[in-house]
Structure formats: C-alpha cells, structure tokens
Amino acid sequence: METTPILNLLGVCKRFPGVVALDNVNLSLGSGEILALIGENGAGKSTLVKILAGVLQPDAGRIVLDGRDLSVRSAADAAALGFGVVHQELNLLDNLDVAGNLFLGREPARFAWAGPLRWIDSAAMVRQSRPHLDRLGLNISPRTPLAQLSLAQQQMVEIAKALSQNARILVLDEPTSSLTRAETYRLLLTLKDLSRQGVSVLFISHRLGEICEIANRVVALRDGKNAGELPHDRIDHANMVRLMIGRDLRSFYVPASSTARRIRLQVRGLRTTAWPDQAVSFDAAGGEILGLAGLVGCGRSELARAIFGVDPMPAGQIALDGRPLRIGSARDAIDAGVYLVPEDRRRTGLIVDMTVRQNISLPALRRFASMLLIRPDRETRHADQQVRMLQIKTPSCETPAMNLSGGNQQKVVLAKWLGMKPKVLIVDEPTRGIDVGAKAEIYRLLRALADQDVAVIVISSDLEEVLGVSDRVAVMREGKIVGILPRSEFSERAVMDLAFGTASATAASGGGDRS
Amino acid sequence: MKKELGIGILLLVLCVAVAILNPQFLSTANLQNTSRLVGMFGIFSIGMGLVIITGGIDLSVGSVFALQGIVLAILLTRAHWPWPAATAAVVVGVVLLGVGHGFLITVVRLQPFIVTLCGLLFYRGLARFISNDETRGFGTSSFGLLRPLAAGKLGPVPMPFVVLLVVAAVMAVVLHRSVYGRYLYAVGRNEEAARFSGINTRLVIGSAYAVSMLLAAISGIQLAFYTNSVSPSGHGLSYELYGIAAAVLGGCSLRGGEGSILGILLGSALLQVLQNLVNLLGIPSSLNLAVMGAVILAGICVDQLLASRAKRTRKPA
Ligand SMILES: Nc1ncnc2c1ncn2[C@@H]1O[C@H](COP(=O)(O)OP(=O)(O)OP(=O)(O)O)[C@@H](O)[C@H]1O
Ligand SMILES: [Mg+2]
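Same order as they appear, the protein sequences are chains A and B. Take 0 as the starting number for the first sequence in numbering that gives the first Met the number 0 and just add one per residue. Take 0 as the starting number for the second sequence in numbering that gives the first Met the number 0 and just add one per residue.
Be careful, since some hints might not be right.
[What the hints assert, rightly or not] Here are the computed distance ranges between Cβ atoms for each label pair:
| hint | chain 1 | residue 1 | chain 2 | residue 2 | range |
| --- | --- | --- | --- | --- | --- |
| 1 | A | R365 | B | P22 | 52 to 58 Å |
| 2 | A | S369 | B | G154 | 31 to 37 Å |
| 3 | B | V107 | A | S140 | 27 to 33 Å |
| 4 | A | P115 | B | I282 | 42 to 48 Å |
| 5 | B | I113 | A | F15 | 39 to 45 Å |
| 6 | B | F102 | A | A314 | 23 to 29 Å |
| 7 | B | L202 | A | K224 | 35 to 41 Å |
| 8 | B | V301 | A | G208 | 53 to 59 Å |
Since the hints were derived computationally from the structure, they do not count as laboratory data. Every residue gets a Cβ at the ideal spot worked out from N, C-alpha and C, and that includes glycine.
Chain A with its partners taken away, still in its complex shape (with noise of 0.2 Å):
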C-alpha cells in the first residue's frame, strides 16, 4: 500500500537509568496502512507506544502528524489527536463494569448542562456498549463487573475501549497476547476493515503468524535501533526472525526424547467454582507435556487454579505419584512439588515493585534462609542464575521489577518457578508477550524438565504454540475436557472443532478416553 504518511516519527531517543530504550528511531505511517512493529523483549516498542500515547516524553525527536510538529503531553492530548492506544499492561479500573470502562471520561450524559453534576446515563451506556463488544465476539454483559471477568476478556474489553474512540491512527501493544484463535480472527478482520475505510494502524505482537495475515508492511527494532523493515511481498517468518534477532532460529519446538512415562498427576473429578457443573478427570505423566486448549473462558485457568489451590475446589480428588494429595492453599501444593506459574504477571505473577531478586527467590525462600534468616549471598547466587539462564534483560538484579518490558517480566515470572525442582508444573500462558528467540528458549527448558521425570502441563491460547510443544492435547469447552488428542491426531482443525463443539463425536472419541 503506497501512501503518503500521515504520522512520521524522527530521531526519537528515550533513555533510562541505565538503559537506552530508543535510540534515534524512526518510523512513518501511511494512512490506512496496517504497520507492524517488531523486536525482541525489551528491544523498546512499548516505549515507543508509551510515547505516541502521551505517558512518556522523549528526550529527543520528532513527532510529526499531517506535516506538523507536535508534542503529545498526556493520555488526554493523544485521545484529542486521534489516537487509539492499547497499552501492553491493562489500564482498566477494577471497581466498574465493563460499560463503565468503556466511556471512562466520555460518559453518555443526562442534564449536560449539569456540568461536571450531570447524570451518567447507564442505560445509554450499556446500549451503546453492545456493539463494541459484539463486535470483538465478547459475549459478556456490559454491566458485569471488570473484577470477574478473565485476563483474556479484560483484554478484549481494552481493545473494544480504543476501537470505541473512532481513532484515526490505532496503536495496539500486544492486543492478542492472551487471546485464543476465535478472537484474535475477529480482531484482524476487524482491523482490516478499519484500514479500509482509511484508519492507519501500528501494531505489535510476538505471533508472528498473526503478522503474516494482516501487516501491509513490518518495522523491526533492535536494542533500541532501527534494525531495517520489511515491505508486503517479503513479510514472513523466517525474514522477520532474521530481522529481529540477526540470525536464523533453527528448531523451534523439541520432540519427546522418552516414551516411558509414569503418571505422576490425577485428577478426578474436580469441580471448580467457575464451572460449579462439571467434573474433570484427566491424567499427566512424567516426560510429557499435556496442552490445554480451549476457547477464551473455557476454565482451562481456573482449573489450574483449583488444582494450585489457590482458588477452592468443591470437590475432586488429586493424587501425585499414586498417593492421594490434600492441597488446601498454594504452600500445599508448593510443598507437594506442584507449581503454578499464573498467567496475569501483574496481579499474581509478580510483586512489581520489589526487585528483580526478590521476585525470584520468593517462592522458594526458606530453602536461601538458615534459621529462618536470608542468606543475601545464596539468594543473590540463585537470582543471578535464573536471570542468566533465562537471558532476561535488566541493568541488575536489584531493579525493581516494574521498570523491566513486559517480556523480560514475564521471564522473572518463570524464574520464579523453573529452578524449584518441580513434579508437576502447570505453566499458564507461559510465553505470553515473550519473543520468539526466547519462546525457543522456553519450549527446550521445558522440555528438558519433562525429561527429567516431570509432569508439565501448558495451558495456552496461542494454538500453534499448544500443538508444537504438548504431547497430548486436552481440550476444555464450558467447564469440561471435551477430548483428548494424541500427537497423531493434531491439528488446528480437530482442536477447533471440539473447541467450538462443531462436529464432535468422532474427534472426541479419537483420544477422549478419559473425559
């Protein structure tokens, strides 16, 4: 798509303590060009996106918008622009309702007269709120509380928010990070529309396959450098991967190594408090992955859970290495050696305004304390570790968790549980905002552990990621397992289809034998 930009950025810098973020970056938008903007973590995207929407300031450069200078100095003046930003973290306010969150500042009024007394029209809200949702295929009620809903729907309900705004240029910072399939399709589709009647979009994600169908043309960084781009006709993996990390990544996923395998988790019939009706019974070996895949809200999470303990379980029996297991909260399971790495960084993954170490060595603190005093010297061994080996990018280890990209977060997030020795690890979105280099990464370290004897199950939305590094599969649909594939039945289709619960018997029966 050939047109004149509308929005041109030039020479941006941004630094940190410590850090360079952007380095002289530039970058220009075409009206109703779909742009997207690749790196690896921390490589300074959503510091970019931060700038376009007003929250940062950059230290030097040019934001230049229809040929003109401007300076964006608040969320406010951005809205005013025309500017429609998602940030990579949620900015929704917990104690309303999703209708609420939509209009936040721009509330449909009675008596506007009033002034700053005029009445909230709630029941305009809501109405108007429908069709954003529908939109997105959200099937929630605008007045449920933004406190109930999942990571996945508070996402969606974030989009929904920016698209609302009828922006001219859309800024989206990982919109897809925790949607399945099923809603990522209908947002790019939705994307593309907008382009069509001329909305430019920039947008970020580490799928890459999610770029392949809509980007009109991509834009890589690199440690905080314009690190080249790539125009429509040579947008695919393997250049992107190229562009982003300088070399080519071979071996994405790893194989099983073992064919013996013991069971070392059951489950049996596990009600939870989301899906209070169905009971779930399933197995998992060592040295195996077990996928859980499903549609946003399925209770793939809430089964995690119950299993963790940190939510309650109505009912069900769980049993580790034959011996029934009584798990009444987290330090239960922990003690059991099973672990839970959670899927929301922000609210139960991390405390983010502890450091880097402290993060990292709570889990497993007693195990750096003599006589229930910290050894500083183990613990900061054990920190330092982790961070090598998972490569997370940070100044130090005594930076407070918050100042390091949502990534290089979620990197801690693992770390967290990684090096504990588990039996059975439940990893919930465990890639969730992470590059491909480090995805890479990832996948071998759990493969590893599952061939060290250990029952990893990985709960995620991104399906190519679930088929490529799972075993078996178990799809959940409404609170229950509705089928279990094994590898030789994967496919995207097969998972679909028992997912949505189109045509169902004869896939589920293929490996189903414990539903």
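Please arrange chain B with the ligands on chain A, whose structure you already have, making use of the hints.
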C-alpha cells in the same frame, strides 16, 4: 536509606537548634525524661510500623493502653496478684486482642481500619466501665521487680529506652533479614501475588497485629508506671496517632510494603524532641498539637519534593 537520612538530618538540626535556644535541653534530667518517652513511644510505634507495612493500620492502641492500665492496677492493688502473674496475664490478654484483630481482618475479611476503630471505642468503654470511670493508681509500692523494670533506670539510662534498643535490634533483624520480614513486605505490596508464591498471607498479616499488640503491651506497662495512675477516659488517648505519625515520618507508606525500623526509630524520636521543644521554648502548651501537625506535614512535603526531584534529575543520567 534515603528517607532515613533525610529524617535523621531533620532530627539532628532540630536537636542542635533547641540546644542552642535553651541549654536546658542537654541537662541530664531533660535527656533522661526525653529518652524515656522516646522509649515508650518507640516500642509501640515499631509495632504500628509492622502493621502499616502489611498495608493495614491499628487504631486501637491508645484504648488498649487504658484498658490494660486499669486491669493491671486492679490485679496488683485490689486482687493482690503477684507481679509476674499480673504482668503475664495482661501481656497475654493484650496479645490475644491482637490475635482477634488479625482473625477479623484476615479470615472474616473486615477492613483493618474498621476493626481497630471498633477496638478503639470498645476497649475505652470497657476500661471506663470496669473502673467505674474512676482513676486507678499504683501507689508507691514497687511490686517486686515490675516497677524497676518498667520505670527504673539501667545506670543513667531509663529502662524504656534500654528496652527500645533491644526491641529495635531484634525487630530490625526480623524485618530486614528474616524470611518472615520479607513476607511482611510482600503481602503489603501485592497480597494476591504473595499468596500465589505460597505465602500464608493470613498468618503473616494476622501475626503482624499480634506482634503490634505485644509491643503495645510492653509500652503500656511502662506508660502505666510512668503516669503511676490510670484515668480510664484520658490515659493513652489518641496515642495510636503518634505511632502512625512516627511510622509515616520514618518512611512507612500507608499503601503498604514500605518502611524500616531505623526510620520508625528516628520518627518517634523526632516527635518527642518536638514535644520537648514546645515545652522548653515556652510555646503555649495549647499549641502543642498544632506544632506537631505542622512539622509532620512539612517533613512529608519536603520528603515528597526531594523524591520527585531525584526522579527528574536522574532521567538524563
Ligand atoms: N520505567 C522504566 N524504567 C527503567 N527502564 C525501563 C522503563 N521502561 C522500560 N525500560 C527499559 O527500556 C527497555 C525497552 O523497554 P520496552 O518496554 O520498550 O521493551 P519492549 O520492546 O516493549 O519489550 P517487550 O517485547 O518485552 O514488551 C527495556 O530494557 C526496559 O528495561
Ligand atoms: Mg512491550
């Protein structure tokens, strides 16, 4: 560390200023009295700091002082219990109150402010009821070792100050070096993430209220023998606010997850030196609270200014 440095300098400047304006400040009697007060206030302020670090607050401390003082006086002078039994009963009772607060806050999930506000009202009322609203005194008896331990001196140093130093040393190790201390900060900053990391958040938070009450019980006994008589309606009135002020001055954030023992120590010392200043400089004592409010506000404003300034100057680094 920055915060402690700031308030440390403020304390030093204040001491030097008062000493120059009125040399009485450095007299043995004044130093002894001030350090006694620093001791009594510092001990329970440390407990308050612990609770604040978990993101909570304890408003019941002042009323607990009254209830505890009354009960202690009755046990010793009316019931003639031996002093170790009376002391143990009072300390255990007060700690149980803390356990109760912790239970209501962590298991019943009531807000700390509400729970301890009800405590503030309830214990004061109870103290007035069981004493028939009459002041109870301890007379001149020493009750074995109790009076010397609570209100005596070790050499020239008042006992409360000695006890404060011991408590502060122990609590500094607990808070800054122990696993439990790290857990306190963790639950204060993100309780949910702490729970997902396997921390028994209920136990950690609940225990902070119990420890707070244990330290309050120690302060309370010292206070009772310092005043030597306990008026149920006025004893310890609004002392919880001194504890909160000391903790906040010393760098604890009411949002939780921040603060240090050294800071709380400096904060409580600063408050007492301020009181002293009002007395020594002949400022009308009716202005006492106003001076204190103004200085605390100024201190926190300066701190905020320095913090945001540090942020700005660090950027182009
Ligand atoms: N507030 C901050 N303070 C200090 N350093 C920061 C801050 N925000 C970002 N950084 C640093 O700037 C660099 C770029 O971060 P940015 O968030 O832009 O990366 P990103 O490309 O979005 O990565 P990801 O793919 O992981 O989201 C990182 O090294 C990060 O540590
Ligand atoms: Mg980012």
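Using the beta carbons of A/S369 and B/G154, state whether their distance is inside 31 to 37 Å or not.
holds, 36 Å
Satisfaction of the hinted span 39 to 45 Å by the C-beta atoms belonging to B/I113 and A/F15
holds, 41 Å
Within 27 to 33 Å: is that where the Cβ-Cβ distance between B/V107 and A/S140 falls?
holds, 31 Å
Lying within 23 to 29 Å: is that true of the beta-carbon distance B/F102 to A/A314?
holds, 28 Å
Honestly, do A/P115 and B/I282 meet the 42 to 48 Å range at C-beta?
holds, 43 Å
Does the Cβ distance between A/R365 and B/P22 fall inside 52 to 58 Å?
Holds - the Cβ-Cβ distance for A/R365 and B/P22, about 54 Å, lies within 52 to 58 Å.
Is it true that the C-beta distance of B/L202 to A/K224 lies inside 35 to 41 Å, as the hint says?
violated, 50 Å
Cβ separation of B/V301 and A/G208, checked against the hinted range 53 to 59 Å
holds, 55 Å
Violated hint: 7 only; the structure is consistent with all others.
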